[in-house]
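**Student:** Listed here are the chains, written in short residue letters.
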Amino acid sequence: MSTTIDKVATPAPMAAPRQRGYWGTVGYRLRHDPVTLCFGALLLAIILSAVFAPWLAPFDPYRESIIRRLKAPGYMGHMLGTDELGRDMLSRLLHGGRLTLTMGMVPVLLATLIGGGLGVVAGFLGGVANAAIMRVMDVFYAFPSVLLAVAISGAMGGGVLNGMIALTLVFIPPLCRVAETATTQVRNLDFVDAARATGAPLRLVLWHHVLGNVLGPILIYASSLISVGIILASGLSFLGLGVKPPEPDWGLMLNALRQAIYVSPLVAAMPGIAIFLTSVSLNMVSDGLRAAMDVRS
Amino acid sequence: MSMSASPAIPPPPLPWRDNDPRDRGGPQQPLLIVRGFKKHFPIRGGLLGRTVAHVRAVDGVSFHVRKGETLGIVGESGCGKSTVARLLMRLMQPDAGEQIFDGDSVGSEGGLSVAELRRQAQMVFQDSASSLNPRMPVQGSVAFGPMAFGMPKAEAMALARELLTKVGLNPALFGGRYPHELSGGQKQRVNIARALALKPRMVILDEAVSALDKSVEAQVLNLLQTLKRELSLTYVFISHDLGVVRWISDRVMVMYLGEVVEIGPADQLYNAPKHPYTRALLASRPAMDPDHRREEAPVSGDPPNPVNPPSGCRFHTRCPFAEPLCASRAPSLGDSEGGAHLAACHMQDPDSGHSQARLQ
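Residue numbers (the working numbering), protein chains in the order written: chain E, 72 to 368; chain S, 1426 to 1785.
It is possible that some hints are incorrect.
Sample of chain E residues lacking proximity to chain S, with all beta carbon distances greater than 10 Å (derived) [said to hold, decoys possible]:
hint : residue
1    : L114
2    : S120
3    : F123
4    : N201
5    : I204
6    : V210
7    : R248
8    : G311
9    : I332
With beta-carbon atoms standing in for the labels, derived distance ranges [stated by the list, open to error]:
hint : chain 1 : residue 1 : chain 2 : residue 2 : range
10   : S       : V1477     : E       : C109      : 51 to 61 Å
11   : S       : G1470     : E       : G98       : 44 to 54 Å
12   : S       : Q1650     : E       : L275      : 46 to 56 Å
13   : S       : G1532     : E       : G98       : 40 to 50 Å
14   : E       : F211      : S       : T1590     : 29 to 39 Å
If you are wondering where the hints come from, they were derived from the structure by calculation, not from laboratory data.
Predicted model only: the values in this text are computed from it and were never measured.
Heads up, the beta-carbon is just placed ideally off N, CA and C, and yes, glycines get one too.
Just chain E, with the same shape it has in the complex (with noise of 0.2 Å):
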């Protein structure tokens, strides 16, 4: 009889107590999240083949021809057609994805590297330090941020180096706010105290107990900017600031198309689709980020 109330007392043993870290756990919920590993993907291969873009496309993506343009997809080797020049669009979109996402993706990680410093250190110090800075930043929220990148890349004249100037100007203040806030709300809480009471140096502090709290907010807010940055970009090639012709470029082709669109409205839309793809998985994957960041649901 006592044995058997000896088995039932003994607890069952219990899952394997998680060992792993924060990052390890969010690593772990990325993992097993099907959607955000599907977008992921996607995104990666967006990517490498943006970047493996020469060996990857079928011809010479400057390479003009009259007599082969606004050709259908699948027409004589060019699975994707040809554009109004009678250029590969496979290929053009391939070498396009590189000026694209890097003039989306570059100012996004400067801007955060920026604002994202100069918010934490505004919300940390808090006072005269942070009135400084956000009020500077207030100036910058005053223009509509497609008219501030137009306006600064126009005064700049255009290109890529000032196109990708002007959108990290237009998007350190979003990401400054960002960051003051979460600092603001972090710094406050008793744990800073308490880790500040243990005698730690300020800036063990700051790394291990307000940044690891304030950069998911960041991270997930900054890869959401990604997609504004390529469709934000896009725009400024649009209109002749960014890219210029015949340099491939997704929002430049679009531009240069739309003229085709009651031609060849399948070539004269694909542009439009990479832009759409590469955005929507980018929200997914910041989306996917947020909820794998958020420990406690």
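Following the hints, put chain S in place on chain E, whose structure we already have.
**Tutor:** Then chain S, alone, in the frame of chain E:
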């Protein structure tokens, strides 16, 4: 600087581990002496954000804590209890006053630095949830302090797991969990383990059990008593719960509007309170016997605004024994370093001129 010990101080009430290499002054030297602590928070207003007034959160508080002793601090909400705790840990800078830790003046030239103080004194916060990093497994929170002082990660983690065991949590089960996966009592145990990680000599417990339900509160209080005995700790126990404070404290200090109104050994203070405010506080406890339940509150109204504290004795606006004298002259508490039972009330001073001064 070193404080000379007065022979009037009785030996510590609890066994004190005198082989602690950090012990400098010996058992007669109080572990903590506070003299004239002041903290006034500025209130900014107007177009230019100028300081228009001050909240006098802590206004001239002096006390001492002997080695191995538990000093309880009680008072209404907003009387400055928690501000005292944060001042003691130097999470805020006092505007005035002196803090002497085991004979060393804190934060002054040639004394104990704030970083050194924090290795010897630790704090447990009231809100068990917000005082743990939500994105850090709890054993990481416990190990953070030792790691910040250069302990290798594996060693710090082993220490954290040992401490979790000490506070009654199975490290294999709880160590890797996040704070939201623990109950309030378990979180507070983790907070206690974190406070112990740096092997402090003194722990400041700021309403550490107030947010827990009664059964868990009792467990945590017992745990605190066990840890105190095992590790020869000294506690400053801050709470608004009079019963809990009496149970755990050797001496009790009563605060009102940023000032100390009464201080003394727990039994004396609870059995024979000297200050009318302490009497009112004790009377406000719910009675167990239905026949003795009070119909009216012993103290009416809210405490006065600490921006504009009443003149003279700060309690005179609510005191049933108030006389014109009380509004004009502030009573003094006297020097409590001998551990005597003292109250800052004119009725305690035969020479004050209060009509009931001798009747006490």
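**Student:** Hint by hint, which ones does this structure get wrong, listed from lowest number up?
**Tutor:** The structure conflicts with hints 12, 14, although it agrees with all the remaining ones.
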